[in-house]
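> Protein sequences, first through last, are from chains A and B. Note that the working numbering numbers the first sequence so that position 256 is 256, with each residue one more than the last. Every number in the working numbering is 425 more than the matching position in the second sequence, counting from 1.
The hints are simulated quantities; they were obtained by calculation from the structure and are not laboratory data. Ideal Cβ positions, reconstructed from N, Cα and C, are used throughout, including at glycine. There is no bait here: all hints are sound.
BS3-like, lysine-lysine: derived pairs with alpha carbons at most 25 Å apart:
| id | chain 1 | residue 1 | chain 2 | residue 2 |
| --- | --- | --- | --- | --- |
| 1 | A | Lys193 | B | Lys905 |
| 2 | A | Lys404 | A | Lys253 |
| 3 | A | Lys404 | B | Lys905 |
| 4 | B | Lys905 | A | Lys253 |
Part of the chain B face toward chain A, derived, beta carbon under 10 Å:
| id | residue |
| --- | --- |
| 5 | Glu524 |
| 6 | Lys905 |
| 7 | Gly934 |
| 8 | Asn1024 |
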Amino acid sequence: MRTNLASAPSSPSPSRLLWATLLCALWVLASCTVGEKNGGEPGKDGLDGTPTGPVTVVLWHSYREAEQVALNQVVDQFNATHADIKLETLQIPHEAYADKITTAIPHDNGPDIFIFAHDRIGAWAEADIIESVSSWATTEHLRSYERSTVLALVYKKALYGLPLAFKSVVLFYNKDLVPTPPETDEDMIAIAKANTDIADRRYGLVYENTQLYFTAPFLHGFGGAVMNMDGDVQLDSPESAAGLQFCRDLLTKHQVVPADVNSNLVTTLFNSGKAAMVINGPWFRGEISDGVRWGVAPLPVVKSTGMALAPYLGSEAVLLSKRSPHKAQAYEVMQYLAGDESAKIRMTVGGQSVAYKAAWEEVEVAEDMRVFRKQLDHVVVMPNSARMNAVWGPTNQAIHKVVKDGEAPRKVVAEANARIEASLE
Amino acid sequence: MADRPNAETHMKLEPWAWTLTAQLAVIAVVVTVILAFLVAWEGDRSEFEEHRALFFARALGAVSADQGSDVSRAFITATAAKDPSFLSAWVIRDGGEDEFGISRGQAYDASMDGDEVGSILTDLTESGVHKSRSDRFARSTSGLAETQKPGHVAPYFALDTDEESGARSAVVPVVRGATTFGAAGVSVAPTMPDAPIPWLLLLAIGAVVGVGGAFGLSAVKARPELRSKVLVGIIAAAVLGVGLGGWWSYTSSYSGELGRRVADVERVRDAATSLGLDAPAIASLLQQADVSFTGAQGYLTGTAPTLDDGFEARVQATHGAGRRVVIFWAALVLLLGLAIGHRSIVGVVTGIPEQPHAYLYVAPSLIGMVVLVFVPFAFGVGMSAFDNDARRYYFVGVENFIEILTGSRSGDVSFYWTLFVTVLWTGLNIALHVSIGLGLALLLKNPMLRFKKAYRVLLIVPWAIPNYITALIWKGMFNKEFGAVNLFLEKLQHLAGVAEPTSIDWLGGSFLSAFTANLVTNTWLGFPFMMVVALGALQSIPNELYEAAEVDGASRWQQFQTITLPLLKPALFPAIILGTIWTFNMFNIIYLVSGGGPNNSTEILITDAYRAFDVLGRYGFAAAYSVVIFAILLLYTMITNRITKATEGAVE
Chain A
1 MRTNLASAPS SPSPSRLLWA TLLCALWVLA SCTVGEKNGG EPGKDGLDGT PTGPVTVVLW
61 HSYREAEQVA LNQVVDQFNA THADIKLETL QIPHEAYADK ITTAIPHDNG PDIFIFAHDR
121 IGAWAEADII ESVSSWATTE HLRSYERSTV LALVYKKALY GLPLAFKSVV LFYNKDLVPT
181 PPETDEDMIA IAKANTDIAD RRYGLVYENT QLYFTAPFLH GFGGAVMNMD GDVQLDSPES
241 AAGLQFCRDL LTKHQVVPAD VNSNLVTTLF NSGKAAMVIN GPWFRGEISD GVRWGVAPLP
301 VVKSTGMALA PYLGSEAVLL SKRSPHKAQA YEVMQYLAGD ESAKIRMTVG GQSVAYKAAW
361 EEVEVAEDMR VFRKQLDHVV VMPNSARMNA VWGPTNQAIH KVVKDGEAPR KVVAEANARI
421 EASLE
Chain B
426 MADRPNAETH MKLEPWAWTL TAQLAVIAVV VTVILAFLVA WEGDRSEFEE HRALFFARAL
486 GAVSADQGSD VSRAFITATA AKDPSFLSAW VIRDGGEDEF GISRGQAYDA SMDGDEVGSI
546 LTDLTESGVH KSRSDRFARS TSGLAETQKP GHVAPYFALD TDEESGARSA VVPVVRGATT
606 FGAAGVSVAP TMPDAPIPWL LLLAIGAVVG VGGAFGLSAV KARPELRSKV LVGIIAAAVL
666 GVGLGGWWSY TSSYSGELGR RVADVERVRD AATSLGLDAP AIASLLQQAD VSFTGAQGYL
726 TGTAPTLDDG FEARVQATHG AGRRVVIFWA ALVLLLGLAI GHRSIVGVVT GIPEQPHAYL
786 YVAPSLIGMV VLVFVPFAFG VGMSAFDNDA RRYYFVGVEN FIEILTGSRS GDVSFYWTLF
846 VTVLWTGLNI ALHVSIGLGL ALLLKNPMLR FKKAYRVLLI VPWAIPNYIT ALIWKGMFNK
906 EFGAVNLFLE KLQHLAGVAE PTSIDWLGGS FLSAFTANLV TNTWLGFPFM MVVALGALQS
966 IPNELYEAAE VDGASRWQQF QTITLPLLKP ALFPAIILGT IWTFNMFNII YLVSGGGPNN
1026 STEILITDAY RAFDVLGRYG FAAAYSVVIF AILLLYTMIT NRITKATEGA VE
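Sequences and hints are given; from them, build the entire structure.
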């Protein structure tokens, strides 16, 4: 038996040296990582010194096609008229956009300003990802935008962006099947019944009937609600139950909607003339095929309550990053992007329903755009609180239980309400 | 070719190999325990610093609410101005809201920087400090409606940490009478040290123990049979030593922490006394400043504060979580190390000098596996001890696992139902895959069959198409009104003469219908794999066996039972184990076809973990879920390995 420490099998000293080096490296590595402390210079407050050259402001967005063309025009116009600020844009694919913002900004890899829908403002404000602009945006200036689009951007008494455009669902209808769009819910049901033939697989009204976003108009039309802007859960009420019962009746009593709907089906049915009316948003215009004569109308009024079917309002806004080193200049860009010149271009070239009120009077707008604006009179701003995230799952399940399984609505909304509140604890 | 290390081989190891092995094992254990301890320390220090900021903010708010602006300014001078750890202290007066609900006209009512008093914040917003105070003011004063009580500081607050300096800021609303007057804020720099004992010292202790132990081992060279025992003993001693050392410094910090808390209370009390507040006012002030302090109020009205038993118990209880950390991690590392580690480390250590070229060839994939598999795995396991909200991560130790195993997530489907569905899903799928695959393989084996190659290609197609696409197509086929399946069933019912054909709502109808839809889809996807394996294995069975059996008069079924099945086992078992693990984690089908089914009833474990990750954003919880799934599959693999090895012996 070998007892000599110095001797070793085939490759003696090199392999022992290798191991010894590895060990030392491991120790050094462990020391370095374990000893990491919070340190470094204290954070800067915000840059307000005079810049020597043009300041570069970076804008992120996820626009495509017409909207992107419009935005690029606006950017070019801005750069041509402002010598001290250079505006650059970067397009991010929509699927990864939200995550990219959430991870990039805290690590100082994000933009100065970015365009996004308003519903994440609450979460982002709490996470110090966006900066409030209340101090720069005077009340006077804010009156130049549609009121509900501004309200969407207020979180805990602070304003977090400037509104660019708004969107909500409206009633699309096939002009060949529906000569005049309905004004009340009873009209809508009558028209739908006339256009439904289940054996022929034609339906009078097609919409995603298990999704909260598309069912919300019915909830609101009967006086119900899911959550208010402060984040209070309001699902448990007889009005919400009545709204869900109406959706159930559409399926079982009047039998004018299909049971198993997804977004592809909605498009396919409308394009093949098998759906007389569809509840969908402005993005749907791009999916309608050329052969279909379509029109839009505001969602009808519920006769029994006198309230309109009010969909959720999405306010697309330009938001300011908390980590931007040039906040004052960035706000100047924001104001331009939301302002008059930009609004006219975005509306005519990009087809957006802009939030800047005056632009609607100054340009020629198509009839369907006017309908989107008319719907603005009857919308419910989607809550921007982070608490809204907890709402989607249980509420979709509640809708499923009432509409598909036929359970008693009152009990289901009470249960869902309790579940949402429990998960928010 | 080098022998596999086995029980006999490692007894003949060189002393230097033992030294290295021992050093590696001990260092790994020591580093892990130290890291875990430091993480726990940081978590509890965070809690303490936040509590401190909140305590002073609430005290200031209570003074401003009950005693008025002048007294609050004097209070700031008496407390914050005298302590260098206070970075700022202020009270901001609310200016009201405009027609959009935006807070306007906020002004400083009191401030550590006397010049600021009376200035409107919007005028000062060039500096980000005032701007962020303005935001925090707005955030803390909104949402007060339900919690307002006249004269009391409501329990609502906003808490922030400055990432670079570690300073903690707390803002609380100030309510005077029935109206919200404004908010009070305090920002304090951390006062507790970064670590109780310099980490270098701890690491040095660990290294000394490791090296000393290793040399001790080599001194035992005369008695080789003792080596394993000595190694285990040294590892246990090292863990115990470091654990105890960490424990000691950790517990000794309690008194340091308590001392600081008491000192803060004393400072507020003294300042209030110097401002001329009487005993009841001071008691009320302290009660509002720290609501959980109420039980300890008795000793604070005395002249010399002493520690109350109840107070210490409450402090111990809140820090109990940290204790579980050290024990949890040390136990985990020790168990894993002993169960898996020491033989393979020994094997690698002896193998490299003997066959350096072999390891050179393996090195790239070894490095790849370490970087792509083991490092993320270790990261995931480490992550499972944390939970997070939008702002930061909290160390929670075993809480995630407890939450999963006791199924305490409110309203969601229970873990055990999901486990049952997963097991049922896996079992049924494998049974179907194997029977269909084997059956088709037997059919294809028939020498009389023509176009065999064409059939083989066609039957591979389900497996070849990405299962993502297949799942979406099948989902469309299961649509209630327009799906191919229901159309087909309708035609069948017509043929059978049924007057009013019923169409099944597959994906939304019930657990059974959605589960069946998933099952059908995955069976369509999965049988080609088993078929290919069976085909390959069937080729290797010599025909003479069948001929001999026919001569002996065995029927086809008997031939199948006695010849085919036993000879297929060595090929099928690995395939079944693989298939089980794949099916157990078959995320795509469940997610894309039924989406978890009506009311989450068809979820399997991996889709449930995904929901925690994607919907709830609780990354640590999802990581813990993945660890649970891994543990279940590991257990399954170890059991089946034992069983298949046992049957292998029987067949030979």
